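Peer 1: Here's the letter readout for the chains.
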Amino acid sequence: MLVGNDVVDLNDPENRPGALHARFDARVFSPAEREALNAFVPDSASRHELRWTLWAAKESAYKVAKKLDPAVRFLPRDFEVGRIAEGRAVVLHKTGPFDVWVDRTDEWVHAVASFSAASAASTTRPVSGDVECLKALGADASRTVRELAREAVGRWMRLPPGQVQIAAAGRIPVALWRNQRMPVDLSLSHHGRFVAWAWGECAIPADQRGFLAA
Amino acid sequence: MTRDEIFAKVVEIVKPYVKNEDALAAVADDTNILEDLKVNSARLVDIILNFEDEFDIEVEDEDADAVNTVGDAVALIQEKLS
Numbered sequence: 000m001l002v003g004n005d006v007v008d009l010n011d012p013e014n015r016p017g018a019l020h021a022r023f024d025a026r027v028f029s030p031a032e033r034e035a036l037n038a039f040v041p042d043s044a045s046r047h048e049l050r051w052t053l054w055a056a057k058e059s060a061y062k063v064a065k066k067l068d069p070a071v072r073f074l075p076r077d078f079e080v081g082r083i084a085e086g087r088a089v090v091l092h093k094t095g096p097f098d099v100w101v102d103r104t105d106e107w108v109h110a111v112a113s114f115s116a117a118s119a120a121s122t123t124r125p126v127s128g129d130v131e132c133l134k135a136l137g138a139d140a141s142r143t144v145r146e147l148a149r150e151a152v153g154r155w156m157r158l159p160p161g162q163v164q165i166a167a168a169g170r171i172p173v174a175l176w177r178n179q180r181m182p183v184d185l186s187l188s189h190h191g192r193f194v195a196w197a198w199g200e201c202a203i204p205a206d207q208r209g210f211l212a213a
Numbered sequence: 000m001t002r003d004e005i006f007a008k009v010v011e012i013v014k015p016y017v018k019n020e021d022a023l024a025a026v027a028d029d030t031n032i033l034e035d036l037k038v039n040s041a042r043l044v045d046i047i048l049n050f051e052d053e054f055d056i057e058v059e060d061e062d063a064d065a066v067n068t069v070g071d072a073v074a075l076i077q078e079k080l081s
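Heads up: the protein sequence lines correspond to chains A and B, in order. The first sequence begins at 0 in numbering that gives the first Met the number 0 and counts up by one. The second sequence begins at 0 in numbering that gives the first Met the number 0 and counts up by one.
Do not take every clue at face value.
In silico lysine-lysine, DSSO-like type, Cα no more than 30 Å apart, as pairs [to be verified]:
hint, chain 1, residue 1, chain 2, residue 2
1, B, K79, B, K37
2, A, K65, B, K79
3, A, K66, B, K37
4, B, K18, A, K65
5, B, K37, A, K134
6, A, K134, B, K79
7, A, K66, B, K8
8, B, K14, B, K37
9, B, K37, B, K8
10, B, K14, B, K79
11, A, K93, A, K66
12, B, K79, B, K18
13, B, K8, B, K18
14, B, K37, B, K18
15, B, K79, B, K8
16, B, K8, A, K134
17, A, K93, B, K8
18, A, K93, A, K65
19, B, K37, A, K65
Hints were generated in silico from the structure; no laboratory data involved. Owing to the predicted nature of the structure, the values given are computational and were not obtained by experimental measurement.
With the sequences and hints as input, model every part of the structure.
Peer 2: In structure tokens:
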């Protein structure tokens, strides 16, 4: 199963409604998505949350689409959120559709997208992941999220601490054990005060298990 | 407008969104806006819209997606202005 995730810090000053360019919504969202946003009062908390939920769903789906087809580009209006209900969304795209699980608190929204027939039919979450707050202001978010993902994947695989490595194949993170790719597809994200990761089980073809850094 | 003037204006527009001040201090054509300057991807949308306003140009989504580095932005704006 291929996985993509995206976290948005809802209280990040740059994300506040007044900080966005006046044409941001028109540039990013489809007419139907803008209609959904316009159901809320401008600058309201509900509109703010929906805006970034839509964004996170699009970004997470894009990350999966890019794994399916490296030529895919992030044209936000081309990744259309078809519906959001009860913590799930569907993102439509020519490479999809993508099934997206959405978690939201007052502080963050986290979207995890996946692509597989099993995912679309599943009523239980077929992917694992989490969100953590950075412990210190100015902490290296990229390093922190790799560490946390490494520990989480290690626990899940019942491997001794420190044996899992996170490396990059191009810009895509991969989990390694003894320099072999582990049977997981991994996605990392960070924004503002938060880091997030997600992974799903994924068969790695025998000829691709040996890892060569791109 | 000369290329140097466009470059300076691009850096001025990008600057408020930069999280890596060290990379900004050494900014060059090959500086990657997201990876080196640590600009958030949503902010790149605002940056492209600010390019449109400042240079009085229209940037299509496909062109915007091709802007990875400061040099890419300068080249795109030069092309739009020519």
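Peer 1: Now tell me, hint by hint, if it's right for this structure.
Peer 2: Here is how each hint holds up against the structure:
{"no.": "1", "hint": "K79(B) with K37(B)", "result": "holds, 26 Å"}
{"no.": "2", "hint": "K65(A) with K79(B)", "result": "holds, 28 Å"}
{"no.": "3", "hint": "K66(A) with K37(B)", "result": "holds, 22 Å"}
{"no.": "4", "hint": "K18(B) with K65(A)", "result": "holds, 25 Å"}
{"no.": "5", "hint": "K37(B) with K134(A)", "result": "holds, 19 Å"}
{"no.": "6", "hint": "K134(A) with K79(B)", "result": "violated, 44 Å"}
{"no.": "7", "hint": "K66(A) with K8(B)", "result": "violated, 35 Å"}
{"no.": "8", "hint": "K14(B) with K37(B)", "result": "holds, 11 Å"}
{"no.": "9", "hint": "K37(B) with K8(B)", "result": "holds, 19 Å"}
{"no.": "10", "hint": "K14(B) with K79(B)", "result": "holds, 22 Å"}
{"no.": "11", "hint": "K93(A) with K66(A)", "result": "holds, 14 Å"}
{"no.": "12", "hint": "K79(B) with K18(B)", "result": "holds, 28 Å"}
{"no.": "13", "hint": "K8(B) with K18(B)", "result": "holds, 18 Å"}
{"no.": "14", "hint": "K37(B) with K18(B)", "result": "holds, 5 Å"}
{"no.": "15", "hint": "K79(B) with K8(B)", "result": "holds, 15 Å"}
{"no.": "16", "hint": "K8(B) with K134(A)", "result": "violated, 36 Å"}
{"no.": "17", "hint": "K93(A) with K8(B)", "result": "violated, 36 Å"}
{"no.": "18", "hint": "K93(A) with K65(A)", "result": "holds, 12 Å"}
{"no.": "19", "hint": "K37(B) with K65(A)", "result": "holds, 20 Å"}
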